[in-house]
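As you go down the protein sequences, you meet chains B and L in turn.
According to my numbering, the first sequence is numbered sequentially starting from 1.
According to my numbering, the second sequence is numbered sequentially starting from 1.
Wrong hints could be hidden among the right ones.
Selected chain B positions facing chain L (Cβ under 7 angstroms, derived; list incomplete) [said to hold, decoys possible]:
| no. | residue |
| --- | --- |
| 1 | G28 |
| 2 | A29 |
| 3 | Y32 |
| 4 | Q42 |
| 5 | L44 |
| 6 | L48 |
| 7 | K49 |
| 8 | G53 |
| 9 | G95 |
| 10 | G96 |
| 11 | S97 |
| 12 | M99 |
| 13 | F101 |
Coverage of chain L stretches by chain B, computed from C-beta distances (three or more under 8 angstroms per stretch; other residues unrestricted) [to be verified]:
| no. | region |
| --- | --- |
| 14 | 18-30 |
| 15 | 69-77 |
| 16 | 99-106 |
The set of hints was computed from the structure by calculation and includes no laboratory data.
Glycine residues also receive a C-beta, built at the ideal position from the N, C-alpha and C atoms.
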Amino acid sequence: AQSVTQPDIHITVSEGASLELRCNYSYGATPYLFWYVQSPGQGLQLLLKYFSGDTLVQGIKGFEAEFKRSQSSFNLRKPSVHWSDAAEYFCAVGGGSDMRFGAGTRLTVKP
Amino acid sequence: KAGVTQTPRYLIKTRGQQVTLSCSPISGHRSVSWYQQTPGQGLQFLFEYFSETQRNKGNFPGRFSGRQFSNSRSEMNVSTLELGDSALYLCASSLSLAGGLGYNEQFFGPGTRLTVL
Chain B
1 AQSVTQPDIH ITVSEGASLE LRCNYSYGAT PYLFWYVQSP GQGLQLLLKY
51 FSGDTLVQGI KGFEAEFKRS QSSFNLRKPS VHWSDAAEYF CAVGGGSDMR
101 FGAGTRLTVK P
Chain L
1 KAGVTQTPRY LIKTRGQQVT LSCSPISGHR SVSWYQQTPG QGLQFLFEYF
51 SETQRNKGNF PGRFSGRQFS NSRSEMNVST LELGDSALYL CASSLSLAGG
101 LGYNEQFFGP GTRLTVL
């Protein structure tokens, strides 16, 4: 069965600093990978997705993620964080009829 | 294009009662999925409906049920509510052009916050 691990429950970064959120997955075949963001009181919004092809994918709001098959990772990055990026971030892995979400990483942005 | 809408947004019930939540997907989306989100368990998949048929089901008791109508709108029902059912219930829709749930981008609604007293 597929699974997703987000090792960091909570991360705090200063505004303007770079960000990397970690995601590791377990899946027997080539996974479909997603990053979603959830602001307080809101549903989840898709930031980016990887299905195949270029392993570096660009998303909305200046986010990017890199698929590394050898490390079973799909880490999310942003070069310069804005205060509005404070939210909870979920990595998800899909395949077939199954979609699994990680436990989420809560991002706090310091002024 | 309007997004996924869920009603009601907030609900307070007491143990033993029953509740029905509603979800209207994005126009043209035929797949609707339901998730339960709690601080302790995170996002857990309840079930997916596609063209009025339950296509996929998570590991929840039979008290949790759903259905989908011909216009793709979906309802979720929880009978005999327990305190542990307090959660944010999220609905998501997708075009589902590429096969199963795991292959498709999902669009989420804002959720229904259910509190069971």
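Against which earlier hints does the structure fall short, listed by number upward?
When the structure is compared with the hints, numbers 1, 2, 6, 8, 14 and 15 turn out to be violated.
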